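Student: Each chain, letter by letter, is given below.
4 protein chains.
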Amino acid sequence: MHADIKMETLRQLAEVVDQQIPFHNLLDMRVKQYDLKGLEMTVMMRTELVGNIHQNILHGGVTASVLDVVGGFTAFASLIDSRDDWNIDELKSRVKTLSTIDLRIDYLRPGRGEVFTGTGTVIRAGNRVSVCRMELHNERGDHIAFGTGTYMVG
Amino acid sequence: MHADIKMETLRQLAEVVDQQIPFHNLLDMRVKQYDLKGLEMTVMMRTELVGNIHQNILHGGVTASVLDVVGGFTAFASLIDSRDDWNIDELKSRVKTLSTIDLRIDYLRPGRGEVFTGTGTVIRAGNRVSVCRMELHNERGDHIAFGTGTYMVG
Amino acid sequence: MHADIKMETLRQLAEVVDQQIPFHNLLDMRVKQYDLKGLEMTVMMRTELVGNIHQNILHGGVTASVLDVVGGFTAFASLIDSRDDWNIDELKSRVKTLSTIDLRIDYLRPGRGEVFTGTGTVIRAGNRVSVCRMELHNERGDHIAFGTGTYMVG
Amino acid sequence: MHADIKMETLRQLAEVVDQQIPFHNLLDMRVKQYDLKGLEMTVMMRTELVGNIHQNILHGGVTASVLDVVGGFTAFASLIDSRDDWNIDELKSRVKTLSTIDLRIDYLRPGRGEVFTGTGTVIRAGNRVSVCRMELHNERGDHIAFGTGTYMVG
Numbered sequence: 001m002h003a004d005i006k007m008e009t010l011r012q013l014a015e016v017v018d019q020q021i022p023f024h025n026l027l028d029m030r031v032k033q034y035d036l037k038g039l040e041m042t043v044m045m046r047t048e049l050v051g052n053i054h055q056n057i058l059h060g061g062v063t064a065s066v067l068d069v070v071g072g073f074t075a076f077a078s079l080i081d082s083r084d085d086w087n088i089d090e091l092k093s094r095v096k097t098l099s100t101i102d103l104r105i106d107y108l109r110p111g112r113g114e115v116f117t118g119t120g121t122v123i124r125a126g127n128r129v130s131v132c133r134m135e136l137h138n139e140r141g142d143h144i145a146f147g148t149g150t151y152m153v154g
Numbered sequence: 001m002h003a004d005i006k007m008e009t010l011r012q013l014a015e016v017v018d019q020q021i022p023f024h025n026l027l028d029m030r031v032k033q034y035d036l037k038g039l040e041m042t043v044m045m046r047t048e049l050v051g052n053i054h055q056n057i058l059h060g061g062v063t064a065s066v067l068d069v070v071g072g073f074t075a076f077a078s079l080i081d082s083r084d085d086w087n088i089d090e091l092k093s094r095v096k097t098l099s100t101i102d103l104r105i106d107y108l109r110p111g112r113g114e115v116f117t118g119t120g121t122v123i124r125a126g127n128r129v130s131v132c133r134m135e136l137h138n139e140r141g142d143h144i145a146f147g148t149g150t151y152m153v154g
Numbered sequence: 001m002h003a004d005i006k007m008e009t010l011r012q013l014a015e016v017v018d019q020q021i022p023f024h025n026l027l028d029m030r031v032k033q034y035d036l037k038g039l040e041m042t043v044m045m046r047t048e049l050v051g052n053i054h055q056n057i058l059h060g061g062v063t064a065s066v067l068d069v070v071g072g073f074t075a076f077a078s079l080i081d082s083r084d085d086w087n088i089d090e091l092k093s094r095v096k097t098l099s100t101i102d103l104r105i106d107y108l109r110p111g112r113g114e115v116f117t118g119t120g121t122v123i124r125a126g127n128r129v130s131v132c133r134m135e136l137h138n139e140r141g142d143h144i145a146f147g148t149g150t151y152m153v154g
Numbered sequence: 001m002h003a004d005i006k007m008e009t010l011r012q013l014a015e016v017v018d019q020q021i022p023f024h025n026l027l028d029m030r031v032k033q034y035d036l037k038g039l040e041m042t043v044m045m046r047t048e049l050v051g052n053i054h055q056n057i058l059h060g061g062v063t064a065s066v067l068d069v070v071g072g073f074t075a076f077a078s079l080i081d082s083r084d085d086w087n088i089d090e091l092k093s094r095v096k097t098l099s100t101i102d103l104r105i106d107y108l109r110p111g112r113g114e115v116f117t118g119t120g121t122v123i124r125a126g127n128r129v130s131v132c133r134m135e136l137h138n139e140r141g142d143h144i145a146f147g148t149g150t151y152m153v154g
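Protein chains in written order, with UniProt numbering: chain A, 1 to 154; chain B, 1 to 154; chain C, 1 to 154; chain D, 1 to 154.
The shape of chain A in the complex, shown without the other chains (with noise of 0.2 Å):
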C-alpha cells in the first residue's frame, strides 16, 4: 500500500470518527490530527459534561471516553503503519471489527479546564492485538489522567 493510500484511508477515517460516530458527537468529541503515530482528539469542557456539580469537573466517563477511542484508533493507526499489502477496502473491512479488549484509566487529578486532549502511543504492536497507553491534558498542560488499553485490531 502506498504512503498517499495510507494517508487517504486515515483521512476518511478521522471523518469517520469526527463526525459520524452518534455518541462522539453528543459529547462533542473532535479529531485534532489523526497521521500514522496516531489519534489526537480534543473535547470542550461544558456543563453536560460534568460530574461533580460542586467543583465543576469533568466526568470520569468523559475521560475514559475519550481515551478508549484515542487507544483504539492509535492501534489502529499503528496497523495500517505496518502493513503494505492491504488496500483501502480491506482497511475499511477491518476497522468494523476494532474493538476494546481491556481498558485502564488513572485518574491523577481532577478534569479542571476548558479544553481536553486525548493522545496515544502503541506500546505493543500486533497483527491481532495491540497495546496502547494515552494521555489526557486540559489546555494548561495539566496532566488529567493515564490510560492502558488492549485493542483487538483484526
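FYI, nobody ran anything at the bench for these hints, they're computed from the structure. Remember, it's a predicted structure, so these values are computed and weren't measured experimentally. Incorrect hints may appear among the rest.
Label pairs and their computed distance ranges (CB to CB) [what the hints assert, rightly or not]: (1) D:Ile53 - C:Val115: 54 to 62 Å; (2) C:Thr121 - D:Gln33: 39 to 47 Å; (3) D:Ala125 - B:His143: 16 to 24 Å; (4) C:Asp18 - A:Glu8: 51 to 59 Å; (5) D:Arg140 - A:Asp89: 35 to 43 Å; (6) A:Glu8 - D:Asn127: 23 to 31 Å; (7) A:Ile88 - C:Val16: 43 to 51 Å; (8) B:Met7 - D:Asn127: 30 to 38 Å; (9) C:Val115 - B:Glu114: 40 to 48 Å; (10) B:Arg140 - A:Arg94: 26 to 34 Å.
Quick partial rundown of chain B residues pointing at chain C, CB under 8 Å, derived from the structure [claimed, not checked]: (11) Asp106; (12) Ile123; (13) Arg124; (14) Arg128; (15) Val131; (16) Phe146; (17) Thr148.
Beta carbons are placed, not taken as given, at the ideal position from N, Cα and C, and that holds for glycine.
Position chains B, C and D relative to chain A; hints supplied.
Tutor: Structure of chains B, C and D alone, referenced to chain A:
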C-alpha cells in the same frame, strides 16, 4: 448513625445521582436501586449512545461511564454501612471528595440490547480507599462487561 | 478431537506446569487440578516466600505469579474445550506461544495462611485472545486477591 | 526532616529491600539505586527464573514481582520527599503498612536477556494513596514490560 438515617442519606444521594449530575442526564443514566449493598443503574439504548454504526452497538465509553458511577457509589454505600458515628452532614461533605483512583473495564461482548444495567460489589472496604467489581448486563441477561475500580472514599 | 484426547493433553500439560517450569519449582507451585474448566494451583507458605517480615505475609509477587499461571492455563483449557479439530501435536505447538498480554491484580487482604490456592474462570473466550478472572484464597477460605488477565492463546 | 535524614532513611530502607526480604533473596533481586526519585532494582537471568523452557524467557511472575517492589518503594520515596515533619522512627513505622492495592502489568515482549532492570515514576502522589508507573528493560535497553500500581502509603 441509625439505620433510618443511613437510608435517608442513600435516598438523597440517589436523587442527586439520578437527577443532578449533568453528564448522567446527558446519557440518561438512571438509578434503579441504591441501598447499603450498592448502586444499580440503567441506561436505555438510543442512537446517541452508539459507538459502532455498522452494528448498532453501545459505545465503550458509555459502558465505562456507567460502571465507574456504579463502582464509586457502591463503595460509598459500603462506607455508610460501616460507620455509625457520622451524621448526614458529615456524609454529604464526604461524598464531595469521592473520586476514582483507577478503573479497569473488561469488554466481554458487543453492547447489543435495549436496556443496560450496571451492578457492583465491594471487594475491599476501607476508610480511605475501597475497591469494587462491577458488571454490565443487557435486558436479556447477556453479560456485556466487567469493571474493577479503586476509589478514594474519604 | 475426542474427549479422551483432550483429557490426555491436559494431563500432559499439568505435568509440565507442575514439574518442568523452573520458576514454578523455585516457588514450589503445584497443580491441584487441571480440567476443561481450568487450572487450580497451590503454593505452601514458607519463609522464602515472605514479603513483609514484620507480619509474615506472602509477597505480592507470589500472588501475581500464581494468578498469572492460573489465568494463562485456564484460558488454554477453554481453547482446548472449544476446538474439536486439533490433535495433540497442534495443541502442544500452540501452548508454546501462550503468553500474557496484560494482568491486573487486586490485593484484598494481607496474605496470611499456610496454603494458598489459585482458581480461575474464563470471562471472554476467543480463538486468539482470552480473558480470565482469577482468585487466591488461603486454607481458611479467606479471599486474598483477585486477578484479571488477558492472554494470547494462539 | 532534614535532607540528610531523608537520605539516611532511604539508605536503611534500601538495605532492607536488598537483603532482608526473603522473597527478594530467593529471586536475587538487588537494589541498584534508591533516592528521592524512586527505586531501581535489578534481577539477573538464571535458570530458576525461567517460565518458558522452549525459549528461555523470564517468567511473567518475576516481571510482576520486580515491578511491584519498584512501584511500592518509589511511592514511598515520594512520600519521604514530600514530608518534612516526620522523623526516622515515624517513617519506619509507616513503611510497615506500605501495601499494594492493585497492580497492572503490560507485557510488551518476551523477557529475553541477562540483566533486567526495573525503574519507576510516581504519577499521582498522595498522603494515603500513590500511583506509580514502572518499566522493565533488559541490558540491551529492550523494553520488556510496563507496570502501573496503586499503593497504600500510610
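Student: Within 23 to 31 Å or not, the Cβ separation of Glu8 (chain A) and Asn127 (chain D)?
Tutor: Given range 23 to 31 Å: violated, Cβ gap about 52 Å.
Student: Is the hinted range of 51 to 59 Å satisfied by the C-beta distance from Asp18 (chain C) to Glu8 (chain A)?
Tutor: 54 Å Cβ-Cβ, so the 51 to 59 Å window holds.
Student: Please check whether Phe146 (chain B) passes as an interface residue: C-beta within 8 Å of a C-beta belonging to chain C.
Tutor: The hint holds - Phe146 (chain B) has a Cβ within 8 Å of chain C, the shortest such distance being about 6 Å.
Student: At the C-beta level, are Ile53 (chain D) and Val115 (chain C) separated by a distance inside 54 to 62 Å?
Tutor: violated (26 Å)
Student: Does the Cβ pair Met7 (chain B), Asn127 (chain D) satisfy 30 to 38 Å?
Tutor: holds (33 Å)
Student: Given Arg124 (chain B) as an interface hint, is the shortest Cβ-Cβ distance to chain C below 8 Å?
Tutor: At about 5 Å, which falls below the 8 Å cut-off, the nearest Cβ of chain C leaves the hint on Arg124 (chain B) intact, so it holds.
Student: Honestly, do Ile88 (chain A) and Val16 (chain C) meet the 43 to 51 Å range at C-beta?
Tutor: holds (46 Å)
Student: If you take the shortest Cβ to Cβ gap from Asp106 (chain B) to chain C, is it below 8 Å?
Tutor: For Asp106 (chain B), the interface hint holds, since the closest Cβ of chain C sits about 6 Å away, which is under 8 Å.
Student: So, Val131 (chain B) near chain C? Judge it on the closest CB pair being under 8 Å.
Tutor: Holds - the Cβ of Val131 (chain B) comes within 8 Å of chain C, reaching about 6 Å at its closest.
Student: Return the status of the interface hint for Thr148 (chain B): holds when the least beta-carbon distance to chain C is below 8 Å, violated otherwise.
Tutor: Constraint on Thr148 (chain B) satisfied, holds at 6 Å.
Student: Check the following: the C-beta atoms of Arg140 (chain B) and Arg94 (chain A) are separated by a distance inside 26 to 34 Å.
Tutor: holds (29 Å)
Student: Cβ-Cβ distance between Thr121 (chain C) and Gln33 (chain D): within 39 to 47 Å?
Tutor: The hint (39 to 47 Å, Cβ to Cβ) holds, given that Thr121 (chain C) and Gln33 (chain D) are roughly 41 Å apart.
In the structure shown, a violation is registered for the earlier hints numbered 1, 3, 6 and 14, in ascending order.
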